[in-house]
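**Q** Starting from the structure of chain A, add chain B where the hints point.
Protein chains in written order, with the numbering used here: chain A, 140 to 381; chain B, 140 to 381.
Since the hints were made in silico from the structure, they are not lab data. Worth double-checking, as some hints may not be accurate.
It does not matter which identical chain is meant; a pair holds if it fits inside one copy or across any two.
Claimed, not checked - Computed cross-link-like contacts, SDA-like style, restricted to lysine to any residue with a CA-CA straight-line distance of at most 20 Å:
#1 151 <-> 285
#2 151 <-> 267
#3 151 <-> 247
#4 151 <-> 284
#5 151 <-> 260
#6 151 <-> 263
#7 151 <-> 339
#8 151 <-> 214
#9 151 <-> 240
Protein chains: 2
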Amino acid sequence: MTGSPESMDTVKALCFDVFGTVVDWRGSVIRECETLCTARGLEIDCAGFADAWRAGYQPAMTPVREGGRAYVHLDILHREILDELLPRFGLSGLNEDERDHFNRVWHRLDGWPDAREGMRRLRQRFLLAALSNGHVALIVNMARHAGLPWDAPLGAEMARQYKPRAEVYDTTIRMLGLAPRETMMVAAHNDDLRAARARGMRTAFVSRPTEYGPEQVSDLAPDGDWDIVAGDFLDLAGRLGC
Amino acid sequence: MTGSPESMDTVKALCFDVFGTVVDWRGSVIRECETLCTARGLEIDCAGFADAWRAGYQPAMTPVREGGRAYVHLDILHREILDELLPRFGLSGLNEDERDHFNRVWHRLDGWPDAREGMRRLRQRFLLAALSNGHVALIVNMARHAGLPWDAPLGAEMARQYKPRAEVYDTTIRMLGLAPRETMMVAAHNDDLRAARARGMRTAFVSRPTEYGPEQVSDLAPDGDWDIVAGDFLDLAGRLGC
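One chain only, chain A, in its complex shape:
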């Protein structure tokens, strides 16, 4: 752990990565999958399904990042991946309404147990912005579902580009009306923090060692000298003097 609350006195806004950092996408997708299976009497590997869906996520954004495809929001990308996976997992029987509803599970993800209370404490001192690859509707709907007190749902949609492209961080900082050093990126992913630091932001690593399930191998520890390293959002609040 590096940094101290004192050295962070100029920070005015915390900018959060959302998927994996604030919300437990894997557990949430598994739970909705299991509910669907129970309702229809299906037997499906829901953990495998969640992992496969998420495995399609980074590759789906690549053409946008590389300029070969115009920005489309995550409902579109999630749906393209979903439509490919359904036959593989025995879910071809879902009709259009059911597919659309299932696709929007990403709007209904549950926060990590510490997320809501940690953000409530952090919000007493800082502006809280989403700096997410999720679009506004997704972040706003998720906020209502999970009780997340955002000041502003920002990120990819405003820049019409995906992290870790620089313009996503730059646009968010600009829209908050702040200098980069007045903002701090909060993420469970070292790559995201590296990209944020390159744009001048402060950095806080929050450990989410089961984001990818019990056998997670990535992002188990900070691999940079981030300004803050915290075990969860309550720990982050404590380290930032909230």
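**A** Just chain B now, with coordinates in the frame of chain A:
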């Protein structure tokens, strides 16, 4: 009064005009002007000053709306108007920091007395979005100052254009992930409601008969058959079943 809560069942988000509808810009600017005068021992016509500042507002947006000037946010436009007014009102002595602080009074406007509680009630049933000519930083800072519970601060900055240009309404509706008929514009200004209706939104007129002071002559009554007409936000909440 037209419309009923029943006919509004498909509305999912309320999109608010902010200046004049949610917050009392004139009273707030007058109060900060008077505080400044007291601190410096000046005698200034603060009501006249507030009115003059606001009178420059619509003309300042015109070149952007007409395409002759690229979008710049309201801090820029407010400052240009302010710099012209200061000599006229005996305030040329303000230094750069003081001018910058005074210019940001628009980030510190107070809500109308019913705004906070009305929005709290409305938020139990609807998503609440700003659909403002104010930019994100202004709306977010004002929300903290006045206790306004936005789900999303949207509007001009996302469209890089000013109301009543259609793209400001269209961009907000799109970012909320809704159909136009699932959104309702809430405004104290008939022109704003007319532009919103032209984009397919529902409409609610809220009366703010002293926005421009005790001698206000415009927007004293609805001049269209708006879906809802309300006396204030508490009345609006009641009419919408909140």
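**Q** With 20 Å as the alpha-carbon cut-off, assign the pair residue 151 and residue 339 to within, between, both or neither.
**A** Answer is within: at 14 Å inside a copy they meet the 20 Å cutoff, but 38 Å across does not.
**Q** Up to 20 Å between alpha-carbons, please classify residue 151 paired with residue 247: within, between, both or neither.
**A** between (28 Å within a copy, 17 Å between copies)
**Q** Since the copies are identical, ignore which copy is meant and state whether residue 151 and residue 285 lie within 20 Å (CA to CA) inside a copy, between copies, both or neither.
**A** between (24 Å within a copy, 18 Å between copies)
**Q** Taking 20 Å as the upper bound on the Cα-Cα distance, should residue 151 and residue 260 be classified as within, between, both, or neither?
**A** within (14 Å within a copy, 29 Å between copies)
**Q** 20 Å Cα cut-off: does residue 151 pair with residue 263 within a copy, between copies, both or neither?
**A** Result: close within a single copy only, 11 Å intra versus 29 Å inter.
**Q** Is the C-alpha distance from residue 151 to residue 284 at most 20 Å within one copy, between copies, in both cases, or in neither?
**A** This pair counts as between: shortest inter-copy Cα distance 15 Å, intra-copy 26 Å.
**Q** For the identical chains here, do residue 151 and residue 214 meet the 20 Å Cα criterion within one copy, between copies, both, or neither?
**A** For residue 151 and residue 214, only the inter-copy Cα distance (19 Å) is at most 20 Å; the intra-copy one is 31 Å.
**Q** Classify it for me, residue 151 with residue 267: is the Cα-Cα distance of at most 20 Å met within a copy, between copies, both or neither?
**A** For residue 151 and residue 267, the Cα distance is within 20 Å only inside one copy (9 Å; across copies 24 Å).
**Q** For residue 151 and residue 240, with the copy left unspecified, which applies at a CA distance of at most 20 Å: within, between, both, or neither?
**A** Between copies, since 17 Å is at most 20 Å while 37 Å is not.
Every hint, counting from the list given before, is met by this structure.
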